[in-house]
Amino acid sequence: MPCSRTDHLLREYFSEDLNSVVRAELEDHVTACPDCARQLRELLGPVHELRRWEEIPAPRWDRHMPLFRRERHAGAGGWRLVWQWLPTAACALMLGLMLLNTSMVYQAGALEISFGSPAMAVVDDRLEDFHRLQNEERQQFAEMLTRFEQLRMQDLETMRTGYELLADRDYETVRSLQQLASLVSSTEIAGW
Amino acid sequence: MRVSDSDEKLVTAALQGSGRAWRRLVQRYEGRIYNLGYRLTGNGEDAMDLTQEVFLGVFRNLRRFRGDASFRTWLFRIAHNKAVDLNRRNKLQSLMGSLDEAGEFAAGELSARVEFEPDHGLAERECNRLALELLRRIPLEQRLVVELKIYQSLTFEEIARMQEISVNTAKTRFYTALKKMRLIPEEENALFEN
Chain R
0 MPCSRTDHLL REYFSEDLNS VVRAELEDHV TACPDCARQL RELLGPVHEL RRWEEIPAPR
60 WDRHMPLFRR ERHAGAGGWR LVWQWLPTAA CALMLGLMLL NTSMVYQAGA LEISFGSPAM
120 AVVDDRLEDF HRLQNEERQQ FAEMLTRFEQ LRMQDLETMR TGYELLADRD YETVRSLQQL
180 ASLVSSTEIA GW
Chain V
0 MRVSDSDEKL VTAALQGSGR AWRRLVQRYE GRIYNLGYRL TGNGEDAMDL TQEVFLGVFR
60 NLRRFRGDAS FRTWLFRIAH NKAVDLNRRN KLQSLMGSLD EAGEFAAGEL SARVEFEPDH
120 GLAERECNRL ALELLRRIPL EQRLVVELKI YQSLTFEEIA RMQEISVNTA KTRFYTALKK
180 MRLIPEEENA LFEN
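First to last, the protein sequences are chains R and V.
Counting in numbering that gives the first Met the number 0, the first sequence runs from 0 upward without gaps.
Counting in numbering that gives the first Met the number 0, the second sequence runs from 0 upward without gaps.
Among the hints, erroneous ones may be present.
Not everything, but these chain V residues come out facing chain R in the computed CB check (under 8 angstroms) [stated by the list, open to error]:
| id | residue |
| --- | --- |
| 1 | Val25 |
| 2 | Phe70 |
| 3 | Leu133 |
| 4 | Pro138 |
| 5 | Arg181 |
| 6 | Leu182 |
Some chain R residues close to chain V (C-beta under 7 angstroms, calculated; not the full set) [what the hints assert, rightly or not]:
| id | residue |
| --- | --- |
| 7 | Ala57 |
| 8 | Asp61 |
| 9 | Trp84 |
| 10 | Glu156 |
| 11 | Arg159 |
No lab work stands behind these hints: they were computed from the structure.
C-beta atoms are modelled at their ideal positions from N, C-alpha and C, and glycine is treated no differently.
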């Protein structure tokens with residue numbers, strides 16, 4: 000093996016890709032070539048020194064146990080979360096049941112759930128009756144108003160006729176008076 | 000919940016609210032993530048921040064874990080992303096700090112923050128000191144490849160998928176990193192003398 004190849008092979012010396020045959024060739028060459036042996040020693044020296052590292056025990060610490068316990072309570076168990084949300088969920092459920100007029104009746108060993116309670120149906124019926132009565136009353140009132148209006152018009156007509164009659168009579172009276180006056184004046188002239 | 004239960008079993012149990020399963024899962028990997036963080040950031044405080052962020056990310060995304068890849072690969076993907084985020088944040092903080100102090104930019108990166116903490120006993124071991132010193136020489140993107148390859152024993156293909164780069168790029172980053180971390184005898188001696 001020529002020395003020119005060792006530079007490349009020394010670069011690969013620590014690689015797991017270097018196959019055993021080439022590694023053996025390189026090692027053979029290194030034993031025979033002092034220069035290449037020195038180069039390999041220079042590479043192996045620091046590796047050897049670094050591998051002499053003596054483990055330092057880690058100082059005592061909490062190992063994030065408080066964090067673990069806190070997050071586990073919030074995440075994995077989740078019971079605390081359930082208890083926190085339970086009253087809210089119950090309120091929401093009650094509101095929903097109320098809005099849907101849900102009624103639950105336990106009869107003859109069976110639970111009956113119905114939406115829209117009978118009481119509300121009664122109220123609805125009564126409201127309908129009330130509306131019907133209201134409409135009838137409104138109609139009656141309108142008819143009464145029409146009748147009053149007709150009566151008023153009749154009265155006005157009667158009044159107008161009476162007035163005209165009265166005016167005619169007054170006119171007759173005035174005429175009679177005028178005739179009387181002219182009679183009186185003609186009599187005076189005649190020498191009565 | 001048995002100690003030998005598979006990751007997937009523990010994930011399922013944790014999702015169902017088992018605190019014990021979650022604790023086991025964290026216990027199983029917290030050391031590896033903490034050490035990964037230590038190697039990437041160079042200090043215990045940032046390593047712990049990273050560990051907490053990684054497991055917070057795991058916790059938040061546990062429901063999304065579908066089991067397509069192994070839990071371990073998924074975990075290290077999260078760790079990788081968080082490390083990149085942390086680096087970005089630290090870069091920004093370093094930048095803001097340097098702007099406040101001197102009114103000029105400073106090249107901030109995790110490597111700049113890697114400092115030995117002499118009082119932290121276990122991290123003080125010579126082998127760890129040397130490893131941190133070596134890792135300090137390389138940028139984060141290479142450090143991540145080294146971390147995943149050497150410490151997490153991932154293949155280049157897995158690393159490439161995780162980092163959304165090509166396999167060749169992953170190999171090149173690793174090779175370049177090793178070259179940069181080449182041991183210089185004087186430096187090595189000096190480190191061991193200290």
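Evaluation of the provided hints:
1. A cut of 8 angstroms between beta carbons decides the hint on Val25(V): the least distance to chain R is about 4 angstroms, and the hint holds.
2. Interface hint status for Phe70(V): violated, as the beta-carbon distance to the closest one in chain R is roughly 16 angstroms, over 8 angstroms.
3. Among the interface hints, the one on Leu133(V) holds; its C-beta lies about 5 angstroms from the nearest C-beta in chain R, closer than the 8 angstroms criterion.
4. Interface restraint check for Pro138(V): the shortest CB-CB distance to chain R comes to about 15 angstroms, outside 8 angstroms, so the restraint is violated.
5. Among the interface hints, the one on Arg181(V) holds; its C-beta lies about 5 angstroms from the nearest C-beta in chain R, closer than the 8 angstroms criterion.
6. Look at Leu182(V): its Cβ gets to within about 4 angstroms of chain R, closer than 8 angstroms, so that hint holds up.
7. With a least beta-carbon distance of about 4 angstroms to chain V, the hint placing Ala57(R) at the interface is held under the 7 angstroms criterion.
8. For the restraint placing Asp61(R) at the interface with chain V, the shortest Cβ-Cβ distance is roughly 9 angstroms, beyond the 7 angstroms limit, so the hint is violated.
9. For Trp84(R), the suggested interface contact is broken, since its CB lies about 20 angstroms from the closest CB of chain V, more than 7 angstroms.
10. Interface hint status for Glu156(R): violated, as the beta-carbon distance to the closest one in chain V is roughly 98 angstroms, over 7 angstroms.
11. Given hint, Arg159(R) at the interface with chain V, is violated; its Cβ is 101 angstroms from that chain's nearest Cβ, farther than 7 angstroms.
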